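Student: FYI, in our numbering the residues of the sequence shown are 273 to 709.
No lab work stands behind these hints: they were computed from the structure.
Be aware that a few hints might be false.
Unchecked claim - Pairwise CB distance ranges (calculated): (1) M632 to E599: 16 to 24 Å; (2) W365 to V517: 17 to 25 Å; (3) K414 to T314: 20 to 28 Å.
To be verified - DSSO-like, lysine-lysine: derived pairs with alpha carbons at most 30 Å apart: (4) K481 to K298; (5) K375 to K408; (6) K381 to K683; (7) K381 to K502.
Only a predicted model underlies this, so the values are computations on that prediction, with no experimental measurement involved.
Note that the Cβ used here is the ideal one computed from N, Cα and C, for glycine as well.
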Amino acid sequence: MTSLTIPIVVAFVIGYFFIAIESVTKINKAAIALLMCVVCWTLFTVLGLPEVFHIELGEAIEKNLGEAGTTLFFLMGAMTIVEIVDQHGGFNWVRGALKSKTKRALLWKIAFMTAILSAVLDNLTTSIVMIMILRKLVADKKDRIWFASLVIIAANAGGAFSPIGDVTTIMLWNGKMITAAGVITEIIIPSFIAFIVPAAVLQIHLKGKLVVPEDKHEAEISYITQMERKMIFCLGVGGLCSVPVFHSLTELPPFMGILLVLAILWTVTELIYRRKEEHDPMAKRVSNLLSRIDMSTILFFLGILMAVAVLSEVGVLRALGEWLDQEIGNHYLVTGAIGILSSIVDNVPLVAGAMKMYVMGAPGTDFGVDGVFWQLLAYCAGVGGSMLIIGSAAGVVVMGLEKITFGWYMKNVTWIAFVGYISGIVCYWLLRTFIFV
Numbered sequence: 273m274t275s276l277t278i279p280i281v282v283a284f285v286i287g288y289f290f291i292a293i294e295s296v297t298k299i300n301k302a303a304i305a306l307l308m309c310v311v312c313w314t315l316f317t318v319l320g321l322p323e324v325f326h327i328e329l330g331e332a333i334e335k336n337l338g339e340a341g342t343t344l345f346f347l348m349g350a351m352t353i354v355e356i357v358d359q360h361g362g363f364n365w366v367r368g369a370l371k372s373k374t375k376r377a378l379l380w381k382i383a384f385m386t387a388i389l390s391a392v393l394d395n396l397t398t399s400i401v402m403i404m405i406l407r408k409l410v411a412d413k414k415d416r417i418w419f420a421s422l423v424i425i426a427a428n429a430g431g432a433f434s435p436i437g438d439v440t441t442i443m444l445w446n447g448k449m450i451t452a453a454g455v456i457t458e459i460i461i462p463s464f465i466a467f468i469v470p471a472a473v474l475q476i477h478l479k480g481k482l483v484v485p486e487d488k489h490e491a492e493i494s495y496i497t498q499m500e501r502k503m504i505f506c507l508g509v510g511g512l513c514s515v516p517v518f519h520s521l522t523e524l525p526p527f528m529g530i531l532l533v534l535a536i537l538w539t540v541t542e543l544i545y546r547r548k549e550e551h552d553p554m555a556k557r558v559s560n561l562l563s564r565i566d567m568s569t570i571l572f573f574l575g576i577l578m579a580v581a582v583l584s585e586v587g588v589l590r591a592l593g594e595w596l597d598q599e600i601g602n603h604y605l606v607t608g609a610i611g612i613l614s615s616i617v618d619n620v621p622l623v624a625g626a627m628k629m630y631v632m633g634a635p636g637t638d639f640g641v642d643g644v645f646w647q648l649l650a651y652c653a654g655v656g657g658s659m660l661i662i663g664s665a666a667g668v669v670v671m672g673l674e675k676i677t678f679g680w681y682m683k684n685v686t687w688i689a690f691v692g693y694i695s696g697i698v699c700y701w702l703l704r705t706f707i708f709v
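Using the sequences and the hints, build the whole thing.
Tutor: Here it is, written out as structure tokens:
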């Protein structure tokens with residue numbers, strides 16, 4: 273790292289700052305991320321850094337774009353699959369499974385259902401589905417925001433122990449820092465602790481019988497039979513669950529498994545609609561549903577990952593990692609701090625930066641595949657975002673849907689989420705010390 277890299281670091285910090293205050297500037301963070309990416313790469317070339325670091329510019333861009341592409345294609349495929357299942361009523365059964373007589377009974381059902389769904393889908397989609405279901409199950413607005421707060425915590429915790437449950441775990445899995453079997457077996461118990469402890473505290477605010485809103489029967493999708501709906505659900509959700517198995521059997525990147533599931537689901541729905549097109553010209557084909565995918569999120573990840581790549585190429589992240597090792601050293605403290613920081617700023621660039629800071633170590637070491645550092649990073653970056661309502665995609669979407677204020681969440685829920693977060697870390701330390709040795 274030289275003084276020539278300072279302008280790039282400054283550009284990155286300024287861009288990061290404007291991403292963090294998106295709610296104030298009202299400028300979409302994807303626009304800032306893309307601008308930051310281009311500015312950083314432009315400075316990289318204008319300052320002559322390829323010659324300084326003996327880097328071939330074209331190769332550097334292609335290498336980093338390829339690494340980012342594996343995550344982006346995975347996300348686009350997964351988001352499309354979830355959209356197909358949702359638009360065909362595949363998640364309707366969840367509402368029936370959650371019906372309860374008491375508030376506390378519903379609380380625990382919500383906690384476990386959210387965590388399990390988040391492990392299969394993603395925390396953003398799961399949060400939307402659960403809030404829509406809560407509106408049909410809880411009439412009282414004051415009660416519902418407590419349930420909604422638990423949805424945020426459980427969605428983030430559930431995504432942390434699954435290789436496909438959160439963007440950060442997807443990144444670590446694609447980067448071969450963690451394996452599907454390793455993260456599931458060793459992170460699942462700490463992740464469950466991270467939402468069970470807060471649920472036990474939150475139930476204090478929820479007592480008595482549950483007042484359920486009048487159940488208005490929703491019109492079924494006329495051109496889809498119950499059997500076809502179940503088939504679409506099984507193909508979509510079952511396909512997502514089978515991606516880790518596909519990866520382990522073929523050793524192909526996970527996004528190839530996602531594209532396989534999407535291709536099969538797309539083909540099946542086309543065959544279904546071919547028989548119905550004459551009767552229902554407005555059938556929801558996959559080609560029409562593609563327009564519903566949140567491309568701004570995809571572009572945000574592209575901008576962030578490519579901007580972080582510049583810092584990696586010039587050695588900034590490696591130098592930061594060496595400094596952390598020298599000054600702090602303890603990996604529990606380093607990853608714990610990253611988790612707390614992820615509640616303030618987006619966890620995607622934090623994890624992307626950490627992945628570039630450290631070199632993969634030998635098997636069995638803290639930096640080896642499924643090492644303590646990478647597994648803790650998956651847990652902390654995922655669960656830590658629950659401490660502030662703006663700290664995760666799940667929190668932001670619930671904040672908008674239920675109109676929960678930043679101040680109310682910080683006053684009433686932040687400390688509860690923090691207790692769950694620390695409890696999970698302690699649980700992980702006990703497991704790694706006495707069981708997974």
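Student: All hints are to be evaluated individually against the structure, with a verdict given for each.
Tutor: A quick look at each hint next to the structure:
1. M632 to E599: 16 to 24 Å: Check passed, 22 Å falls within 16 to 24 Å.
2. W365 to V517: 17 to 25 Å: This hint holds: roughly 24 Å between Cβ atoms.
3. K414 to T314: 20 to 28 Å: violated (51 Å)
4. K481 to K298: Violated, because 41 Å separates the two Cα atoms, which is more than 30 Å.
5. K375 to K408: holds (14 Å)
6. K381 to K683: With Cα atoms ~25 Å apart, K381 and K683 stay inside 30 Å; holds.
7. K381 to K502: holds (22 Å)
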